[in-house]
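> First to last, the protein sequences are chains V and F.
Under the numbering used here, the first residue of the first sequence carries the number 26, and numbering increases by one thereafter.
Under the numbering used here, the first residue of the second sequence carries the number 26, and numbering increases by one thereafter.
Check before you lean on any hint, since a few could be wrong.
Same chains, same names: a pair is fine if it fits in one copy or spans any two.
In silico DSSO-like pairs for lysine-lysine, Cα to Cα no more than 27 Å straight-line [stated by the list, open to error]:
1) Lys-101 to Lys-544
2) Lys-521 to Lys-504
3) Lys-431 to Lys-532
4) Lys-199 to Lys-532
5) Lys-521 to Lys-476
None of these hints come from the bench; they were simulated from the model.
The chain contents come next:
Protein chains: 2
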Amino acid sequence: MKWIMSELAEIIMDSRVLPYLWQHNLGLEKESQRVTTHGQLAQTNHPSLLGKRRYHPYLQTDFSESQVELITPVTKSVSELMRWLAALHDVIYRTLPENELLSPLSMPPSFSDDLTEIKIARLEKYCDVLYRRYLAKTYGKAQQMICGIHFNFSFDDELLDKLYTVSQTTDSFKTFKNDLYLKVARNYLRYQWLITYLMGASPVANANYTSRAGDFQGTMRSIRNSIYGYTNHEKLNVSYDNLADYVHDLEKLIQQQKIICEKEYYAPVRLKGGASLTELLENGIEYIELRNIDLNPFSAYGVTNEQISFLQALMVYLAYLPENDELNTMEQGNKISKIIAAEKPNEVSQYQMLGLQFLAGFEEWIQRINADIDDQVIQQAKLYFEEPKETLSARWLQQIHFDQTKISVQFALENKQEALLKPYQLAGFTTMELSTQILMFDAIQKGIQVKVLDESEQFIQLQYKGHIEYVKNANMTSKDNYIVPLMMENKLVTKKVLQTAGYQVPKGIECNAIEEAKKYYPKFAQSGFVIKPKSTNFGLGITIFKSGAKEPEYQLALERAFQQDKTVLIEEYVPGTEYRFFVLDGEVKSVILREPANVIGDGKHTIAQLVALKNESPLRGSHYQTPLEFIKLGEIEQSLLAQQGLTVADILPKNQKIFLRVNSNVSTGGDSIDVTDQIPFEYQKVIAAASDALGAKVCGLDVIITDPKQKVTAPGAYSIIEANFNPAMHMHAYPYKGASHRLTMDILKMLYPELE
Amino acid sequence: MKWIMSELAEIIMDSRVLPYLWQHNLGLEKESQRVTTHGQLAQTNHPSLLGKRRYHPYLQTDFSESQVELITPVTKSVSELMRWLAALHDVIYRTLPENELLSPLSMPPSFSDDLTEIKIARLEKYCDVLYRRYLAKTYGKAQQMICGIHFNFSFDDELLDKLYTVSQTTDSFKTFKNDLYLKVARNYLRYQWLITYLMGASPVANANYTSRAGDFQGTMRSIRNSIYGYTNHEKLNVSYDNLADYVHDLEKLIQQQKIICEKEYYAPVRLKGGASLTELLENGIEYIELRNIDLNPFSAYGVTNEQISFLQALMVYLAYLPENDELNTMEQGNKISKIIAAEKPNEVSQYQMLGLQFLAGFEEWIQRINADIDDQVIQQAKLYFEEPKETLSARWLQQIHFDQTKISVQFALENKQEALLKPYQLAGFTTMELSTQILMFDAIQKGIQVKVLDESEQFIQLQYKGHIEYVKNANMTSKDNYIVPLMMENKLVTKKVLQTAGYQVPKGIECNAIEEAKKYYPKFAQSGFVIKPKSTNFGLGITIFKSGAKEPEYQLALERAFQQDKTVLIEEYVPGTEYRFFVLDGEVKSVILREPANVIGDGKHTIAQLVALKNESPLRGSHYQTPLEFIKLGEIEQSLLAQQGLTVADILPKNQKIFLRVNSNVSTGGDSIDVTDQIPFEYQKVIAAASDALGAKVCGLDVIITDPKQKVTAPGAYSIIEANFNPAMHMHAYPYKGASHRLTMDILKMLYPELE
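For reference, chain V alone in the conformation it holds in the complex:
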């Protein structure tokens, strides 16, 4: 049985298909011009921090050196697409030089008369440069500087399978798939004007955009989609009836030298599959690319969730929508689009009724299949047709008050500032651990592909030039062997191994029963000691006696410890200051000192006010979303104040430092202070060697040092009290005080020594 296209509507509505209908692959490319804080085209090179453009999967340049292109990976949902777009923007915003911004507009900034500020992208491959030179010559440099959004769409394999099965066609799967995408493409061409109207947002051109003086007057809905926009000089006829014709027509255009390659065919929708037309024909259509979307200047990302949702739903609807509407030919679609593009933004479109009719049918269909689409998506589109003042184009016009440069710089500045506010986060992925966010930032920046395999477990996949690595919690990698973390998880084993290798650890004993442990009291009665469960973390069940203990206290501490673990360690107390050494591959990369929550008086503010002031730092927050936590003024803090004869209402004298906590954990408002440069190298060497003795590649060692001025070889000079196999890294990158150590970059270099 041959497959009949017109049956597609029925197939899509089949109950076997409906559960899979919203499974798609979505991708997005977004171009933006780098501009100065004065709104002029940036004259600098593409940022070198972004590694090599040759390999960068996310951050490229398009026509000009200043034209940044952000490319999302293929995603499965609009929300996933948007988080990637957010993340890529975070990376580019924080990578740009201080005085550079990303223009929020499709239309390029003002140029000087001779356009000399437009530099063709400095790409490595000569043919890439050559092609751009050709474009500059053919279309003029200015037109090539226009930016936009390209939206890539495909149906998920499972959905395609279901559609194919239900169709019962005898055609091949490839043919079926080609026909499906061709239908969508044809319908898209028929209704392209809808997008021109709804997403048009380029009402004004800047100085010297076109040398054809008087080419167009005043404002338009979308210069970019108009005849003055990003378009071929003459009308190119390419068939969308079937793939062979499509390929054939394009090849013919090339032969006729009307275009020099298929990339030069500036259609609102392109069929994609492979690197060349030959490959496209061979592979069949793998996805389609929508190209007529202007940058939305009101969104920091150039496009909103609602816009993408609209496009996604539209793709499915266009697959469903019968093609028997005689009035709406592709030819007609193009014509209407051009007319709409040229309309005044504030005026009612002459195609208002046509638009509202289409949207009514679209809405009715969405309700019929009970699709899970935000009602606003369609309502807003309807509003745009009903109230032209609400369209992006009209709103932008209203916003700029005839000074597009000034306002666009203002918008661009706000976008960048937002990204700089919390540099330790990666927008889109703020639900993940900070260290993972920072690692992902670094990876994206350097052009290492990132795939989140399990978000809640911080499990990601990295890939660079085909070399795959997996990372969990930002530093659990293939470079450590399995026995090492198992060793460190076990305080007892860690101590035995370190001790055997000749490193100083607190002396002590292990007990497997509380009655046995109680017997050891005479050993510890007179000296400082610590009782701790063998394997818990976060200080639970640990008691410190700095100078001996009475027997009941001793027994109580044992009970607390045995509640946490069936094995308890009793260790000598080692006096001194505790430091966290972060060791990577046999080298100390950073040493942090953690201070208990504290404030320093200024002779003016009360303690409560000082705490509030300190908490204002963007580094502080709650629930580990920031490198430091808020200082609290709860019972524990107030009781410690009381012990010092203070209340929160007291004004603290200038420079007096008071502590609000005994414990130095960052999680209870403590400060992290980088002291790497203050710890003598001989200590760093010994601690790095201790990490080696454990066989660790990545290790956070908690070390008590009596006095760093003492020789490391002095008896009791230091004592290693804990080794952590997944040490936090964000507090080293964003310490309260001291130098920042970007350990995530060290992790990437360890995983990818080949990184350029």
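Please arrange chain F on chain V, whose structure you already have, making use of the hints.
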């Protein structure tokens, strides 16, 4: 202030010392003759299964090829020493050829007149052989065949530190330590007769033990400690006053050619420290070796816990005991020992009073310091002196009824049979997991040093020729990289990685919220599917719907799954048989099929009886102490019987197989059946490659195979449903049916490719 020896008693009783007083290092060497089941000296070579004697830390040969020497590692307590002794015996008993035993006696078996059956140990080093030839010539081969126990003892460093500190001496620590051990050695020589009496157990010599016919008549307490025993020909004078004199005297004896090396000095106690006398003098005394202990024929290990406890306590007591007893000189001690050795076992010793006096003082001191020593240890010694019939020597004499060979074979056989009863266990370490016990067995057998770092966590250290490896749970090693188990711990990530690499896994989706998951119902309503939590094990929260489900069932299953994890997978159900593939280093080593608990009828027994019979197998037990678990007849089993129209009282027809469980877990009485040879190699190759794709060195893959006769490339031929990073190994080594695969040995070979 010079250190005064006589103050030692006071120092030992100091409250700062007492908490440390029982911290010692204990080691033991035990020789045994390999004999045939007829009681003759074994003529075979030392078992080749034991690897190379050159390196073996535990199992050596002494004088003759048949004379096995078991050497425990240094231990911290009597119980630890005994568990090692038990383990070493398990290994040697199970390594001996079927018709060989270990003689339980110090005295060698009967020899032919010409002693030709005594073969000097075939050692690699020529000087070792030469020395034995010299001994044979000097003392006669027979005397060198005597076996015994050597007990090595030292005070723990912490205890020594305390003693030294409390002594306030200005002498060096080394001098102090030497003096301490010399005092113990001198006192031991004074009271050596006590051990001769209490531990003497060689009352009877066998044929041709001595060629000096009529040398001694009848029986003795200890031939071994008598002038006919293991002794130098003439009295050798060696001073124990100080270490320099001790070394000097021994060197003089060598110069005088009275002995050819210090090893030939057969004293009841030796001072040890380094490989030579020069080293001893340089290092100081590191431990002392007691040498006059006969094998206890009543213990499978040649010595009991109580005997070692007695010796340990004695060492401390002798350090305490003042040396001002004029009557008890070392000279005198030796004389008394020789007299006691020659006494008739059943007769009251002429030194009974002296013995009881000593023991009374010993006991009084133990009580005074409230030492934690089993009361029986001293009471039994007292009993031995009061009732000579109770001594080892007298009891052995009574036991043998003038046929020592027959009885000793009988004892030896029982010892060996006990060790063979549960071959999957390693005596002394039965509290550990079976796989770890089996791995330790293999390591010990091959001469790889084993150190238990954390018993309850199955964390051990292995060492072979200086190459250290750590192992947790028998197969978690340095050979796997850290990310691999993290990957396998996460079903979702495992699936994604396998799928990307092109292996078949069940299709499915992940849900992070139950409301989201409920929406997917239409997808699964009609087909077989499985709902399971992302990361729990042991089947908790898993529901299988073999052919679709009603919506309430679907929702209930989701609720069950979400109770176990915040992420739930819904996967297609794959029909077929589930196999466990054990893959090591890219090779399938074993494939196991697990069958639910079942019995097969014989037309005679009831189901309850059949279960009881099947449960009699030594492979079955409870709480994972055996490779298989008992089949239970609880509610679940009886309900399944009822469904089949049966009760436990029904007699099952011959060859009818019934199942008592639906699930195939070994933990609920299931059978493990090795089917490695039945799974086509092409399947094994694919599964091994899948393990490689995960990057795993050790991996247990649960795979559903529709039909092994099908080509592996057929769609749906197999599906990998789980990957385990710490797969059980004991069920492969001791399956219910099929070939045994000793995977623990494969693990050792992976860790030690250099293993000889």
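> Taking the earlier hints as the rules, which of them does this structure contradict?
The structure conflicts with hint 3 only, although it agrees with all the remaining ones.
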